[in-house]
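Participant: Sequence:
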Amino acid sequence: MKTDKSSYHSVNPVIYDGSRCCVSNYYFSPVSPESEDYFHVTSFRGRPEQKLRDLWLQADIAIRNKLRKVFPQGIVKPWHIYKK
72 MKTDKSSYHS VNPVIYDGSR CCVSNYYFSP VSPESEDYFH VTSFRGRPEQ
122 KLRDLWLQAD IAIRNKLRKV FPQGIVKPWH IYKK
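Counting from 1, position 62 in the sequence shown corresponds to residue 133 in my numbering; the numbering is continuous, with no gaps.
Incorrect hints may have been included.
To be verified - Cross-link-like lysine-lysine pairs, in silico, DSSO-like; alpha carbons within 30 angstroms at most:
id : residue 1 : residue 2
1  : K76       : K148
2  : K122      : K137
3  : K137      : K148
4  : K76       : K122
5  : K140      : K122
6  : K140      : K76
7  : K76       : K137
Claimed, not checked - Estimated spans, in silico, between C-beta atoms of each pair:
id : residue 1 : residue 2 : range
8  : R139      : Y87       : 31 to 41 angstroms
9  : L138      : D108      : 14 to 24 angstroms
10 : R124      : D88       : 14 to 24 angstroms
11 : G89       : H111      : 17 to 27 angstroms
12 : H151      : D131      : 16 to 26 angstroms
13 : D88       : R139      : 17 to 27 angstroms
14 : D88       : L138      : 28 to 38 angstroms
15 : G89       : K140      : 37 to 47 angstroms
16 : I86       : Q144      : 36 to 46 angstroms
17 : N96       : R135      : 30 to 40 angstroms
18 : Y87       : K148      : 32 to 42 angstroms
19 : P101      : L126      : 21 to 31 angstroms
20 : E120      : Y87       : 16 to 26 angstroms
21 : Y87       : L138      : 29 to 39 angstroms
Derived by calculation from the structure, the hints in this document are not laboratory data.
Backbone N, C-alpha and C fix where the C-beta goes; we use that ideal spot for every residue, glycine too.
Full structure from sequences and hints, please.
Facilitator: Below, the structure is given as structure tokens:
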């Protein structure tokens with residue numbers, strides 16, 4: 072699976088009263104699949120039937136991306152380390 076600036080990927084909705092645990096492992100290639108390196112915050116979107124949630128999440132994405140441009144290293148020190 073390739074993830075880039077415009078790819079969407081998700082799991083199916085949970086359809087019972089329990090909860091789901093999900094682990095995602097991402098493997099980074101040495102060279103960006105785009106023509107240049109880029110950064111964006113992790114984005115979450117609402118499903119097609121969740122229009123209000125999707126609007127709220129799009130606003131959240133925009134705010135966090137703007138904050139990241141002002142504070143390139145982030146506001147809170149990350150507890151994990153990426154090795155490039």
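Participant: Hint by hint, say whether it matches the structure.
Facilitator: Going through the hints against the structure:
Restraint check: the Cα-Cα separation between K76 and K148 comes to about 24 angstroms, which is no more than 30 angstroms; the hinted pair holds. Distance check on the hinted pair: K122 and K137 sit about 23 angstroms apart at the alpha-carbon level, within 30 angstroms; holds. Taken as a hint, the K137 and K148 pair is honoured in the structure, with Cα atoms around 18 angstroms apart against an allowance of 30 angstroms. Distance check on the hinted pair: K76 and K122 sit about 22 angstroms apart at the alpha-carbon level, within 30 angstroms; holds.
The suggested pairing of K140 with K122 holds, with an alpha-carbon distance near 27 angstroms, which does not exceed 30 angstroms. A threshold of 30 angstroms between alpha carbons decides the hint, and for K140 with K76 the separation of about 16 angstroms falls inside it, so the pair holds. Taking the CA atoms of K76 and K137, the gap is about 16 angstroms. The hint holds against a cut of 30 angstroms. Checked against the hint of 31 to 41 angstroms, the C-beta distance between R139 and Y87 comes to roughly 36 angstroms, which is consistent with it.
Distance hint check for L138 and D108: the Cβ-Cβ separation is about 20 angstroms, which falls inside the suggested range of 14 to 24 angstroms. For the hinted restraint 14 to 24 angstroms between R124 and D88, the CB-CB distance of approximately 20 angstroms keeps it satisfied. At roughly 32 angstroms, the beta carbons of G89 and H111 sit outside the given window of 17 to 27 angstroms. Checking the proposed 16 to 26 angstroms range against H151 and D131 shows it holds: the Cβ atoms sit about 21 angstroms from each other.
A hinted range of 17 to 27 angstroms is violated for the C-beta pair D88 and R139, which are about 37 angstroms apart. Between D88 and L138 the Cβ separation comes to about 36 angstroms, which falls inside the hinted range of 28 to 38 angstroms. For G89 and K140, the hinted distance range of 37 to 47 angstroms is satisfied, since their beta carbons lie about 40 angstroms from each other. The given range of 36 to 46 angstroms is respected by I86 and Q144, whose C-beta atoms sit roughly 41 angstroms from each other.
At roughly 23 angstroms, the beta carbons of N96 and R135 sit outside the given window of 30 to 40 angstroms. Range check, Y87 to K148: Cβ separation about 38 angstroms, and the 32 to 42 angstroms hint holds. Here the CB-CB span from P101 to L126 is close to 37 angstroms, at odds with the stated 21 to 31 angstroms. Here the CB-CB span from E120 to Y87 is close to 18 angstroms, well matched to the stated 16 to 26 angstroms.
Range check, Y87 to L138: Cβ separation about 37 angstroms, and the 29 to 39 angstroms hint holds.
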